[in-house]
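Novice: Each chain, written out:
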Amino acid sequence: MAASAMLPEKFLLWAEEKGMVQGTYVPTFCEICFWKCGAMAKVINGRVVKLEGNPNHPGARGKLCGRGNGGAGLLYDPNRLKHPMISTGKRGEGKYRQATWEEALSLVAEKLKLIKEKHGPESVALFTHGTPTDHFLPLLYAYGSENVGMPSFAQCRGPRDVGLELTFGETVGSPERLDLANSKVIVLIGSHLGENMHNSQVQDFTEAMARGAQLIVVDPRFSTAAGKAHAWLPIRPATDLALLLAWINVIITNGWHDKAYIDSYASGFPELAAAVKEYTPEWAEKETEIPAATIQETARMMARNAPAVCIHPGRHATWYGDDVQRTRAMAILMALLGTWGREGGVFMATTAAVPKAASKAYPEFTAEALNTCGYPLAGAEGLTQVIRTATLTGQPYPIRGWIVTGTNLMKALPNQKETMEAIQKLDLLVAVDVMPMDTVMMADVILPECTYLERHDALAIGKGKSLTVSLRQPAVQPMYDSKPGWWIAKELAKRLDLGEYFPWGTYEAKIKSQCALLGISYEELKKVGTIAFPGTANPYITPSNQPEFNTHSGKIELCSNELKEKGFDPVPRYTKHPQPAAGEFRLVYGRSPVHTFSRTINNPELHELHPENEVWLNTAAARQMGLRNGTYVTLINQDGIRSNPVKLKVTERIRRDCVYMVHGFGVSPKELKNAFRKGGDDQGLVTRYAVDPIAGSTGMRVNFVRLEEEKKHA
Amino acid sequence: MPSYAMVIDKRRCVACMACVVACKKENDVPPEQYRTRVVEQVEGQFPLLRMDLRPELCNHCDNPPCVYNCPTGASYKRKEDGLVLLKKHRCVGCKACMAACPYDARYINHEKGFADKCTFCDHRLKEGKEPACVATCVGKSRIFGDLDDPDSAVSEALRENHAEVLLKGAGTKPRVFYVKTFSKPE
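Which chain is which? The protein sequence lines are Y and A, in order.
In terms of numbering that gives the first Met the number 0, the first sequence is residues 0 to 713.
In terms of numbering that gives the first Met the number 0, the second sequence is residues 0 to 185.
A couple of the hints might just be wrong.
[Said to hold, decoys possible] In the DSSO-like style, the derived pairs of lysine-lysine whose C-alpha atoms are separated by at most 30 Å in a straight line are:
{"id": "1", "chain 1": "Y", "residue 1": "Lys-462", "chain 2": "A", "residue 2": "Lys-139"}
{"id": "2", "chain 1": "A", "residue 1": "Lys-128", "chain 2": "Y", "residue 2": "Lys-464"}
{"id": "3", "chain 1": "Y", "residue 1": "Lys-672", "chain 2": "Y", "residue 2": "Lys-94"}
{"id": "4", "chain 1": "Y", "residue 1": "Lys-9", "chain 2": "Y", "residue 2": "Lys-525"}
{"id": "5", "chain 1": "Y", "residue 1": "Lys-493", "chain 2": "Y", "residue 2": "Lys-115"}
{"id": "6", "chain 1": "Y", "residue 1": "Lys-669", "chain 2": "Y", "residue 2": "Lys-94"}
{"id": "7", "chain 1": "Y", "residue 1": "Lys-115", "chain 2": "Y", "residue 2": "Lys-525"}
{"id": "8", "chain 1": "A", "residue 1": "Lys-139", "chain 2": "A", "residue 2": "Lys-167"}
{"id": "9", "chain 1": "A", "residue 1": "Lys-76", "chain 2": "Y", "residue 2": "Lys-9"}
{"id": "10", "chain 1": "Y", "residue 1": "Lys-509", "chain 2": "Y", "residue 2": "Lys-112"}
{"id": "11", "chain 1": "A", "residue 1": "Lys-111", "chain 2": "Y", "residue 2": "Lys-17"}
{"id": "12", "chain 1": "Y", "residue 1": "Lys-112", "chain 2": "Y", "residue 2": "Lys-493"}
{"id": "13", "chain 1": "A", "residue 1": "Lys-139", "chain 2": "Y", "residue 2": "Lys-464"}
{"id": "14", "chain 1": "A", "residue 1": "Lys-139", "chain 2": "A", "residue 2": "Lys-128"}
{"id": "15", "chain 1": "A", "residue 1": "Lys-167", "chain 2": "Y", "residue 2": "Lys-17"}
{"id": "16", "chain 1": "A", "residue 1": "Lys-87", "chain 2": "Y", "residue 2": "Lys-41"}
{"id": "17", "chain 1": "A", "residue 1": "Lys-87", "chain 2": "Y", "residue 2": "Lys-17"}
{"id": "18", "chain 1": "A", "residue 1": "Lys-78", "chain 2": "Y", "residue 2": "Lys-9"}
{"id": "19", "chain 1": "Y", "residue 1": "Lys-464", "chain 2": "A", "residue 2": "Lys-9"}
{"id": "20", "chain 1": "Y", "residue 1": "Lys-416", "chain 2": "Y", "residue 2": "Lys-81"}
It is worth saying that the hints were derived from the structure and are not from the lab.
Please put together the full structure from these sequences, using the hints given.
Specialist: As structure tokens, then:
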């Protein structure tokens, strides 16, 4: 087995062509990003030779994006974490010795017990992203702590979700329930679909474009999506709220809003109308630098095609610190056009319920959880930076242990210095990951998880138009001495005397019992990968399918009572943000279609296509500064932090007041042989952040940089 | 006998590179070499800009200069289905085909030594599947099928849209067609 797995791909593909061996397809779902697309792993002789989309899966529809296609690059990345490791030097020195699982797990358990004894269970925090959460969050709860921090909230979609919940009583879910394929007008605000590669969403987007939908793109950069737009609005960064309020103003002033819809489903219209009176297009022109006529014209375009208008609420929404209010404005616009629950707008989630297995109750959490500390509307996903501050200051109580699973905090959180200082204060930092990422290489104990192609994980329950259940199962056995996340969590629990919270033998046994509960055949699921429940779709409002809004008033809240009670603006109000001085540029960052954050940076198959990021600078600005395309520059932010040398891309495709970089590059562990220090680390330059007073999320597009030519670089 | 062709609808392409990665995996293309690519062209001055995203691959020409210029007879046009292919054992790696091809579609496989190029995934066609790039194309920008079949996706796409070929003047008669960006016949 071991020997045959070593056979080179070249030979296997040739042998298959000659009919000497046959490939089998193992259905599973992808973990290269968070979209969880159904994939079919083609396996020959114990080696994954290709990944294809699962035609049964609603997120994939038989297709995978570039990253999904390159998933085997992670599996066979020679730089993977191979063995448990224990630090032998100081934190951050990167000195490790190989250890056995027994030794590593016992050490972690022992230290966790010690922290619990000395400081209480609340002194351990979990930072997590993706499927490891399904295993390690129960472990944290069983241990007695509720202090979890997911960067996916406070550094990403938190304010968006809060803004939508305040308005509609629920958010749009993930994958977002956007009915793009049926839209007549699509509005993207900062969202760069295509570069921001979300499989089924991009499929729907291109479908709409081919069918002749009109596209409005608001972006300081001429993105790929802007290249397809009928109206590209190169907005002055940090003024998006002004544009949104002006659109609302135009629609209300002209009486273009959906009056019947507003009468039936919404509350607070008079307050809204009064509050937005001052936000005329002429006023917004001065703020946004978008001509008033264009604002009028685009508003008319939306109103004429309502309700088949999709205002994309975005995903990474932590921009300027007033992000909940910006999302509120988008949500209000959606409501005025009557798009929620309508074809071409936002469709409604399936109301099909998923039965839950009875499980042992977790111990009661006595301390105040840091999750919502000071921020009334922060969610259960926690606030990473609040936990970090508590670690640094010991207030309101000390945090002495961090468990980090599937997230690279150094590249996710703003102000790296604070993260490093917090890490130095810890008694224990344990990392569970596949690759030696920046944060992993600072841990005391490294526990190597196997890749998604080698393990079982929790069933993925999809609540799109209909209810779907998808299975992750190993296509091949774990390589090296890596283990599945569920096994690591269960073994740790055993050593912490918490074994009863993980009562099943293998994860497969747990999945089998879940399938029985759901009333589906496990054997069938193993074969097809995804099972959809027929008759569970009810996407659009009809006389017999009325929407329910889980807000205070039970209606869409154009004027939010909840915000008013808590002392915030019930209707979004424009706040002016500082703009860069002459010679400075606002640092804007975004996505590449072949990378997911920093986690794919070293993947040989993807690294090849995008080995380093570039910093985009407007041609006229570059000429003024005497900078040429392709030279290497150093970025220096307002706090004097300097970046790696980054290649300069001189382009007409960006405004003069900002520069743009793809996020995730410039990783520091030398163990990442492909990606080590290639490209610039945008996160390193994000030392300043604006905390949203409502959601507690960190706005990160508030940093200004200067550019300096790198003389030494070839 | 089928007459294979590809139609590329550039309006649907978002340059996500799924085709490029899928092609490399499917055909075991060596690092830093490609059988297909996506060319991004931007014209104009801020803020009046225009973008063209153009997937490119071997055009499987009906008048193929690579075949005419191959001194060993390794490159050939298969009569049955129109694919331009290569007999690997006859190729000496002289690069005459690379020089002759106006589309820069060929490369010398630096692991195996012979000239290599897109085969429209001939091995997948035999199994009744579409080429890998077409199967994974997220935007359904790549359409594949039989020109002789009036009901095929390519025939329909060519009937419904204005299409063009690359470097028409070269006289190569390509079998890869591009739907014009903003045009539909009345």
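Novice: Next, verify each hint and record whether it holds.
Specialist: Hints, one by one, checked against the model:
| no. | hint | result |
| --- | --- | --- |
| 1 | Y:Lys-462 to A:Lys-139 | holds, 25 Å |
| 2 | A:Lys-128 to Y:Lys-464 | holds, 29 Å |
| 3 | Y:Lys-672 to Y:Lys-94 | holds, 17 Å |
| 4 | Y:Lys-9 to Y:Lys-525 | holds, 29 Å |
| 5 | Y:Lys-493 to Y:Lys-115 | holds, 16 Å |
| 6 | Y:Lys-669 to Y:Lys-94 | holds, 12 Å |
| 7 | Y:Lys-115 to Y:Lys-525 | violated, 41 Å |
| 8 | A:Lys-139 to A:Lys-167 | holds, 25 Å |
| 9 | A:Lys-76 to Y:Lys-9 | holds, 26 Å |
| 10 | Y:Lys-509 to Y:Lys-112 | holds, 27 Å |
| 11 | A:Lys-111 to Y:Lys-17 | holds, 18 Å |
| 12 | Y:Lys-112 to Y:Lys-493 | holds, 12 Å |
| 13 | A:Lys-139 to Y:Lys-464 | holds, 22 Å |
| 14 | A:Lys-139 to A:Lys-128 | holds, 15 Å |
| 15 | A:Lys-167 to Y:Lys-17 | violated, 38 Å |
| 16 | A:Lys-87 to Y:Lys-41 | holds, 26 Å |
| 17 | A:Lys-87 to Y:Lys-17 | holds, 15 Å |
| 18 | A:Lys-78 to Y:Lys-9 | holds, 29 Å |
| 19 | Y:Lys-464 to A:Lys-9 | holds, 29 Å |
| 20 | Y:Lys-416 to Y:Lys-81 | holds, 29 Å |
This entry does not satisfy hints 7 and 15, going by the numbered hints stated previously.
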